[in-house]
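Produce the entire structure from the sequences given, and follow the hints as far as they go.
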Amino acid sequence: MKQLFVAAVAALGLTLAAQASAQDFSPAIVFDMGGKFDKSFNEAAFNGAERFTSETGIAYREFEITSSAQREQALRNMARRGATVVVAMGFAQATAVEKVAKEFPDVKFTIIDAVVDLPNVQSVVFKEHEGSFLVGMAAAMASKTGKVGFVGGMDIPLIRNFAAGYVEGAKFVNPDITVYQNMTGTTPAAWNNPGKGNELARSQFDRGADVVYAAAGGTGIGVYQAAKDSGKLAIGVDSNQNYLHPGTMLTSMIKRVDVAVFNAFATAKDGTWKGGTQVLGLAEDGVGYSIDEHNRSLITADMEKRLEAARADIISGKITVTGYSN
Amino acid sequence: MNQSARREDIPGWLTHIVVPGFNLLLAFVLSGILIAVIGENPFRALSLLIKGAFIYGDSLGFTLYYTTNFMFTGLAVSIAFHCGLFNIGGEGQAYVSGLGVALVGLYLGHLPVLIVIPLGIMAAALFGGIWGVIPGYLQAKRGSHVVITTIMFNFIAAALMTYLLVEVLIKPGQQSPESREFAPNIWLPYAHDVMNWFGINMLSTPLNLSFIFAIIVSVLTWGLIWHTRWGYEMRTVGQNPTAAVYAGISTSRNIILAMFLSGAVAGGVGINEIMGIHHRLLLDFTSGFGFVGIAVALMGRNHPFGIFLAALLFGVLFQGGTELSFDMPKVNRDMVVVIQGLVILFSGAMESVFRPHIIRLFVRTRTAIAAPAE
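Respectively, the protein sequence lines represent chains A and B. According to the working numbering, the stretch in the first sequence is residues 99 to 424, in order. According to the working numbering, the stretch in the second sequence is residues 1379 to 1752, in order.
These are computed hints drawn from the structure, not numbers from a lab. Even for Gly, the Cβ is constructed at its ideal location relative to N, Cα and C. Accuracy of the hints is not assured; some may be wrong.
[Stated by the list, open to error] Cut-off 30 angstroms, straight-line C-alpha distance, at most; resulting in silico cross-link-like pairs (DSBU-like, lysine-lysine):
1) A:372 x B:1549
2) B:1549 x A:197
3) A:245 x A:294
4) B:1429 x A:197
[What the hints assert, rightly or not] Chain B regions said to be covered by chain A (calculated; three or more residues, Cβ under 8 angstroms):
5) 1540 to 1548
6) 1553 to 1566
7) 1663 to 1674
Below, the structure is given as structure tokens:
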């Protein structure tokens, strides 16, 4: 967080100075199929972009794609219309970014959640498994039944990585713990199916789970509701979702997509933008868990101590979280 | 309604051009009002839509690329429809056809171009056809309603493809569930490449040889439905199964055949997307084109030429709508869907609401003009 924060603050200072020269600076963002109001990944990016606009007064171009052929089209259109930096959201845009970035070597591209190895592409990936490890620990510590659950969105490697880290974390606290895992579906509709999320969470509660972690975009809303209705606990994802149901949201696994997007815009503006790959894990504060006034009472001092210890151990390398690999 | 005029008195241009044109106009007027309500200028929006679909450098290529997909899925729906079947499964059939192309591309991609391209096309048709023929068989032999089974087969297709892409065909070491890229032998030539051979400079677009292929399939479909015994049998089954049986036509055989052909034609989407554009198998490349095909077939009155026009209209709406949301941030992709929905509503679902009124108006005007002369 510190590095990102420093960069953000520095960028902020510079933006004020550079206001006049920024007339031709034109940032752009291409959201993926989930759309910018998915309450999760894309929305975090939208918030980052909005923050940039509110702090600098510079408007950005945006596009939400609806079919796979539009990814390339959207990126190319942004580049052609003079975008200085284009942020592409999601691993699915990797192929399109690779192609378009070669055609427009002077345009800066930042892709989130995937790696594209070109000089004018900045790749930002997160160690979701590390953050999930910590919330898995929290789940295991809060569980009274020794059973916890996981509800994923679409069954893809990215979400399996969340699940794998979560299971590792839970087993780290309690090696005998049972972790129920369900994926919501196999189509992109799985990112936005709160009804099914609700049912999956209920079935896990019925089998004895008392904490459920949702990594499922908009589907998570149903999971959190189920936890509230059954008096059980739920864990949010990507954004800090603790406020949704204070008292039954144990914590949220935060992925700072918003910071990544903001930084891409801000660094491109002040000239410190660099290509290459950034891997944001616990050490970089790219992922983490959230404690705020909504869940303060659920996380005991002892739990927090163990979480902080594990966090330090992961950063120092004493604990390795393997995650999912194919 | 006042049907004083006999049917043959009504000229074709009235029902085939004026009525659809009027419906389209209404849809655009309503869309224009909506755009005005959200605070944008509807006339500027319309001009952006048209420019975005035809005039900007690469826009025509994109429009025709969408048209290609809609032609395939529209034709697929229409073939089944002529046999009295409502094939909702174009999406799944198109999706699975991509698997056929991918298997050829991944494992036989090193073969010479003249072998591997026909092989890929056949694989797409075969896989799409199989995905259509199973519901067809269940309908014909077991009485399971094809609407239900084809919808279910869309989900089975999605589950199958996700499984294969996540577990089996994924290129190792990456997050995105995509296969590796095929050998270039199986890539269909892009329109811009062909144009460049002739020295004409064209911006790169996804438009490829599949478009020509879609036109050929349209002509073949027209020939099949109206000029062969197969087509005649299929239409008979579609219009009156009892009469068909009485005439010695096997309904089950025709249902199975029609569903196979329907699925095979839907497989054209796999050819366009996987062989023509992406050159690799990826998740959800069908993007709902199969469902739009239903509207295209309805609007095109299940006739290949009508389907071409309807597919072109939807191509314009998709591509023009994309450009529109680039230039008018307030018109987001949901707004574009609303406009598309209005067009479907007026031209498809409410198609016959205004028709009797327009015909009556026409008949009255004609009588009024004719009367003083007598």
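Status of the hints after comparison with the structure:
1. A:372 x B:1549: 28 angstroms, holds
2. B:1549 x A:197: 18 angstroms, holds
3. A:245 x A:294: Holds. Residue 245 of chain A to residue 294 of chain A sits at ~21 angstroms (cutoff 30 angstroms).
4. B:1429 x A:197: At roughly 26 angstroms apart (the allowed maximum being 30 angstroms), residue 197 of chain A and residue 1429 of chain B satisfy the hint.
5. 1540 to 1548: holds (count 4)
6. 1553 to 1566: holds (count 4)
7. 1663 to 1674: Coverage by chain A holds for the stretch 1663 to 1674 of chain B (4 residues, Cβ < 8 angstroms).
No hint from the list above goes unmet by this structure.
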